[in-house]
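For the protein sequence lines, the chains are X and B, in the order given.
Just so you know, the working numbering puts 187 at position 187 of the first sequence, and the rest follows in order with no gaps.
Just so you know, the working numbering puts 135 at position 135 of the second sequence, and the rest follows in order with no gaps.
Rather than coming from a laboratory, the hints here were simulated on the basis of the structure.
Quick caveat, the model's predicted, so the values are computed rather than measured.
Quick reminder that beta carbons are idealized off the backbone N, C-alpha and C, glycines included.
Misleading hints may appear alongside valid ones.
[What the hints assert, rightly or not] A few chain X residues facing chain B, derived, Cβ under 10 Å:
{"hint": "1", "residue": "F26"}
{"hint": "2", "residue": "R28"}
{"hint": "3", "residue": "I42"}
{"hint": "4", "residue": "V101"}
{"hint": "5", "residue": "K103"}
{"hint": "6", "residue": "L110"}
{"hint": "7", "residue": "E177"}
{"hint": "8", "residue": "P190"}
{"hint": "9", "residue": "T191"}
{"hint": "10", "residue": "N198"}
{"hint": "11", "residue": "H204"}
[To be verified] Here are the computed lysine-lysine pairs in the DSS-like style, where the Cα-Cα straight-line distance is at most 27 Å:
{"hint": "12", "chain 1": "X", "residue 1": "K212", "chain 2": "B", "residue 2": "K67"}
{"hint": "13", "chain 1": "X", "residue 1": "K269", "chain 2": "B", "residue 2": "K78"}
{"hint": "14", "chain 1": "X", "residue 1": "K79", "chain 2": "B", "residue 2": "K269"}
{"hint": "15", "chain 1": "B", "residue 1": "K116", "chain 2": "X", "residue 2": "K98"}
{"hint": "16", "chain 1": "X", "residue 1": "K77", "chain 2": "B", "residue 2": "K311"}
{"hint": "17", "chain 1": "X", "residue 1": "K52", "chain 2": "X", "residue 2": "K67"}
{"hint": "18", "chain 1": "X", "residue 1": "K103", "chain 2": "B", "residue 2": "K116"}
{"hint": "19", "chain 1": "B", "residue 1": "K111", "chain 2": "X", "residue 2": "K103"}
{"hint": "20", "chain 1": "X", "residue 1": "K116", "chain 2": "B", "residue 2": "K103"}
{"hint": "21", "chain 1": "B", "residue 1": "K14", "chain 2": "X", "residue 2": "K116"}
{"hint": "22", "chain 1": "B", "residue 1": "K284", "chain 2": "X", "residue 2": "K66"}
{"hint": "23", "chain 1": "B", "residue 1": "K161", "chain 2": "X", "residue 2": "K165"}
{"hint": "24", "chain 1": "B", "residue 1": "K111", "chain 2": "X", "residue 2": "K116"}
{"hint": "25", "chain 1": "B", "residue 1": "K182", "chain 2": "X", "residue 2": "K167"}
{"hint": "26", "chain 1": "B", "residue 1": "K147", "chain 2": "B", "residue 2": "K69"}
{"hint": "27", "chain 1": "X", "residue 1": "K64", "chain 2": "B", "residue 2": "K197"}
{"hint": "28", "chain 1": "B", "residue 1": "K78", "chain 2": "X", "residue 2": "K197"}
{"hint": "29", "chain 1": "X", "residue 1": "K119", "chain 2": "B", "residue 2": "K115"}
{"hint": "30", "chain 1": "B", "residue 1": "K78", "chain 2": "X", "residue 2": "K307"}
{"hint": "31", "chain 1": "B", "residue 1": "K242", "chain 2": "B", "residue 2": "K349"}
{"hint": "32", "chain 1": "X", "residue 1": "K116", "chain 2": "B", "residue 2": "K307"}
{"hint": "33", "chain 1": "B", "residue 1": "K64", "chain 2": "X", "residue 2": "K212"}
{"hint": "34", "chain 1": "B", "residue 1": "K64", "chain 2": "X", "residue 2": "K327"}
{"hint": "35", "chain 1": "X", "residue 1": "K284", "chain 2": "X", "residue 2": "K269"}
{"hint": "36", "chain 1": "B", "residue 1": "K197", "chain 2": "X", "residue 2": "K66"}
{"hint": "37", "chain 1": "X", "residue 1": "K14", "chain 2": "X", "residue 2": "K3"}
{"hint": "38", "chain 1": "X", "residue 1": "K78", "chain 2": "B", "residue 2": "K327"}
{"hint": "39", "chain 1": "B", "residue 1": "K115", "chain 2": "X", "residue 2": "K116"}
{"hint": "40", "chain 1": "B", "residue 1": "K307", "chain 2": "X", "residue 2": "K78"}
2 protein chains.
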Amino acid sequence: MVKIKEFQEILKKKKIDFAIFCNIDFVRFDCDMAYFSGYGGIGALILPKDKKPFLIVSRDGAAKAKKLKIKSYVLPKKKRLFEFIKEKVRHSKVKSRKIGVNKEEFTLLLKDYLKKNFKKSRLMDLREELYKLREIKTKKEIEIIKKGCKISDEILRMCFKDFKKFKTEAEVKAFLEYETKKRNCELSFPTIVASGKNSSEVHHDTSDEKIKRGFCVIDFGIRYKNYCTDTTRTVYVGKPTKNDAEIYNKLLRVQKKAIIDVKVGEECKNLNESVKRSLGSNAKNFIHGLGHGIGVKIHELPNLTEKSSDKFENGQILTIEPGIYFKNFGIRIEDDILILDNRVFVLTKTRKELILV
Amino acid sequence: MVKIKEFQEILKKKKIDFAIFCNIDFVRFDCDMAYFSGYGGIGALILPKDKKPFLIVSRDGAAKAKKLKIKSYVLPKKKRLFEFIKEKVRHSKVKSRKIGVNKEEFTLLLKDYLKKNFKKSRLMDLREELYKLREIKTKKEIEIIKKGCKISDEILRMCFKDFKKFKTEAEVKAFLEYETKKRNCELSFPTIVASGKNSSEVHHDTSDEKIKRGFCVIDFGIRYKNYCTDTTRTVYVGKPTKNDAEIYNKLLRVQKKAIIDVKVGEECKNLNESVKRSLGSNAKNFIHGLGHGIGVKIHELPNLTEKSSDKFENGQILTIEPGIYFKNFGIRIEDDILILDNRVFVLTKTRKELILV
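Taking the hints into account, I'd like the entire structure generated from these sequences.
Okay, here's the thing in structure tokens:
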């Protein structure tokens, strides 16, 4: 259970009686429910401003919920979820004048269900507060993400060691994801493997195309205990020309310098600017943000974009991922870093010197 | 492009000027956008009641969108998605008094963005109409799902052939998903591997637990060209007792009979009832629905539940999946079937006789 008290302070300040995080689709994952309770499956988390939070879980989720440090009720067979929520809210003597939700996750259908059972309640959006709260990691979260990065490093190393055996982009993706699942982890996002000209697309849609000579961008992240990692390495298939090696090494120098230049209290957009300066004539080829926070969501605060008003702070875990894209190829190098005690720690340790495969 | 004209008839009837399906999260997948256009990534599909539909896609989606048979616009770099949608809607001379959405997929945040740009518009929910539309498959959809089932069968066969090599549930899951990704397919849902006592849970949360002796339920589905498959087989680790073999064979007989008993025009709930009768004393152990339609979503119409008012119709593709659950084990057998020309075709062909592994 993470930051329940801090969140309850927010609820009190905003006079929100309780917050609800909810998931009715077994293919989805509710990030806030997972964040606060450890449970991300079908059900709902009720988080009152001044009482103990509790979960309502489907029968299937009962076994998992039991292992968590939070009270949980199993939805009875013939009961509708929101009717049961209403019962349990009343039973716990929790008021419901104002109910907090995360508008980014809550669907219009869930709102209908909620309003049907809490007719007089006002819905309040807590999206920004939740992003701010999740931005600064606790010790426990830091330990989890560190471990996640270690697992991800191990998988990437295995992948590069014997890269020649892969014939298609899909095979590389399948391998990385197989090693992830074998370790009982999930994915942060669909793995990107972009070889040859495909590497010029930032988020290439990996397919069964043959792996081509030249740069191959691999962007891969695992979800370990609900927390995401996010690493990109660009390897080279074949023998790079002098030009290719030079442009790669230029980006690598810029990426390493960017990590060193992360300073608590500084504005993230300034680092973005300084990376552009370092890239010189290639600044125009750097077409995305420099990085983003990671956590239970793959994109969290801070944002390292041009227009960001975020600052570097202790407790943040974020990516540093400059990339440059040309007509026929692209390169991106991405690490996950932790800011703690005014220092920067690189959590992803897979080698960054150009790997020839 | 599937059923655009049929959908436009619905829009006309309901006087909805256009429908919008939208996705701003690159980890998600919009089922309706994928259904109508083939594109499921970041962007929006605008489907006017009497003009040609068009896509707005992120720069990353441009390459994929280009290959589709639908007009697409790439979101310019410094443009907000909904501002650009508004521009393009106006430019296409599409009115916007009433806008249709799918409430099950549309978040409160998307609604805010939409309302900001279409201030006077009324939002209309098309969820039920979309479910009805997607329920009956076209020839093209049938061919895709048939192929998906064939691929899934191939993967399951490989899995059972050499099952002894797996030590944990997570390893079986990893293998199935690896073979899926290698074939450039995605997953319909997180694979369930439930051995020993875990098989008594319907949707067991697969972990790195060792595979135990006894029944092992494997529920696995792939997403091929945006369409889901869904198969369950229960294998036996070790040598089954006479009792175990008998209870399995009883369920298998019931499952086979249920498939034969599917009749166009009949109510689905009646089949559910007749399965309960066939199960006799084990009816109480059958604790979930008999099946559900599949398509771009893993759960579509018809619903084969107690209270369903759905009927069997030509063009449906659905699962038949009776299961019985006891304190220490569970069994489920699930096939995907197609109803066409008043006949039933079983699309999943992995053997159903108890497999000893």
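Hint by hint, here is what the structure shows:
Here the hint on X:F26 is kept, as its CB sits about 7 Å from the closest CB of chain B, short of 10 Å. A distance limit of 10 Å between C-beta atoms decides the matter here; for X:R28 the minimum to chain B is near 8 Å, and the interface restraint holds. A hinted interface residue such as X:I42 counts as satisfied when its beta carbon comes closer than 10 Å to some beta carbon of chain B; here the least separation is about 8 Å, so the hint holds. For X:V101, the interface hint holds, since its Cβ comes within 10 Å of a Cβ in chain B; the closest pair sits about 7 Å apart.
Checking X:K103 against chain B: minimum C-beta separation of about 4 Å stays under 10 Å; hint holds. Look at X:L110: its Cβ gets to within about 9 Å of chain B, closer than 10 Å, so that hint holds up. At its closest, the beta carbon of X:E177 sits 5 Å from a beta carbon of chain B; the interface hint therefore holds under the 10 Å criterion. Nearest Cβ of chain B to the Cβ of X:P190: about 7 Å, under the 10 Å cut. The hint holds.
Here the hint on X:T191 is kept, as its CB sits about 8 Å from the closest CB of chain B, short of 10 Å. Below 10 Å, beta-carbon pairs count as interface contacts, and X:N198 has one with chain B at about 8 Å; its hint therefore holds. Contact between X:H204 and chain B, as hinted, is supported at the beta carbon level, the nearest pair being about 8 Å apart and thus within 10 Å. In summary, the hint linking X:K212 to B:K67 is supported, as the alpha carbons are separated by about 21 Å, within the 27 Å threshold.
For the proposed pair X:K269 and B:K78, the alpha carbon gap of about 16 Å is at most 27 Å, so the pair holds. For a cut-off of 27 Å, the pair hint linking X:K79 to B:K269 stands: about 19 Å separates their Cα positions. Annotation: proposed proximity of B:K116 to X:K98 holds, straight-line Cα distance about 24 Å (limit 27 Å). With a C-alpha separation of about 24 Å, the suggested pairing of X:K77 with B:K311 holds against the 27 Å cut-off.
Restraint check for X:K52 and X:K67: satisfied, since their Cα atoms lie roughly 17 Å apart, inside the 27 Å limit. Of the pairs offered as hints, the one joining X:K103 and B:K116 holds, with about 15 Å between alpha carbons and a cut-off of 27 Å not exceeded. The straight-line distance between the Cα atoms of B:K111 and X:K103 is roughly 9 Å, inside the 27 Å bound, and the hint therefore holds. Of the supplied pair hints, the one linking X:K116 and B:K103 holds, its CA atoms being roughly 15 Å apart against a limit of 27 Å.
This hinted pair checks out: B:K14 and X:K116 have alpha carbons roughly 24 Å apart, not beyond 27 Å. Only pairs whose Cα atoms come within 27 Å are accepted, and B:K284 paired with X:K66 is accepted, the gap being roughly 25 Å. The hinted pair formed by B:K161 and X:K165 meets the criterion: a straight-line CA distance of about 24 Å does not exceed 27 Å. Proximity of B:K111 to X:K116 is assessed by CA-CA distance (about 19 Å); at most 27 Å being required, the pair is judged to hold.
In summary, the hint linking B:K182 to X:K167 is supported, as the alpha carbons are separated by about 10 Å, within the 27 Å threshold. With a C-alpha separation of about 21 Å, the suggested pairing of B:K147 with B:K69 holds against the 27 Å cut-off. A threshold of 27 Å between alpha carbons decides the hint, and for X:K64 with B:K197 the separation of about 14 Å falls inside it, so the pair holds. With a CA separation close to 25 Å, the supplied pair B:K78 and X:K197 stays within the 27 Å bound.
Distance hint between X:K119 and B:K115 is fulfilled; the C-alpha atoms sit about 23 Å from each other, no more than 27 Å. Taken as a hint, the B:K78 and X:K307 pair is honoured in the structure, with Cα atoms around 11 Å apart against an allowance of 27 Å. Distance restraint check for B:K242 and B:K349: the Cα-Cα separation of roughly 26 Å lies within the 27 Å cut-off, and the hinted pair is therefore satisfied. For the proposed pair X:K116 and B:K307, the alpha carbon gap of about 21 Å is at most 27 Å, so the pair holds.
Distance hint between B:K64 and X:K212 is fulfilled; the C-alpha atoms sit about 19 Å from each other, no more than 27 Å. At roughly 17 Å between alpha-carbon atoms, B:K64 and X:K327 fall within 27 Å of each other, so this suggested pair holds. The hinted pair formed by X:K284 and X:K269 meets the criterion: a straight-line CA distance of about 16 Å does not exceed 27 Å. For the hint linking B:K197 to X:K66, the alpha-carbon distance of about 16 Å falls within 27 Å, and the restraint holds.
Proposed proximity of X:K14 and X:K3 is supported: the alpha carbons are some 17 Å apart, at most 27 Å. About 21 Å separates the Cα atoms of X:K78 and B:K327, which keeps this hinted pair within 27 Å; it holds. Of the supplied pair hints, the one linking B:K115 and X:K116 holds, its CA atoms being roughly 23 Å apart against a limit of 27 Å. As the CA atoms of B:K307 and X:K78 are separated by approximately 11 Å, the hinted pair is consistent with the 27 Å bound.
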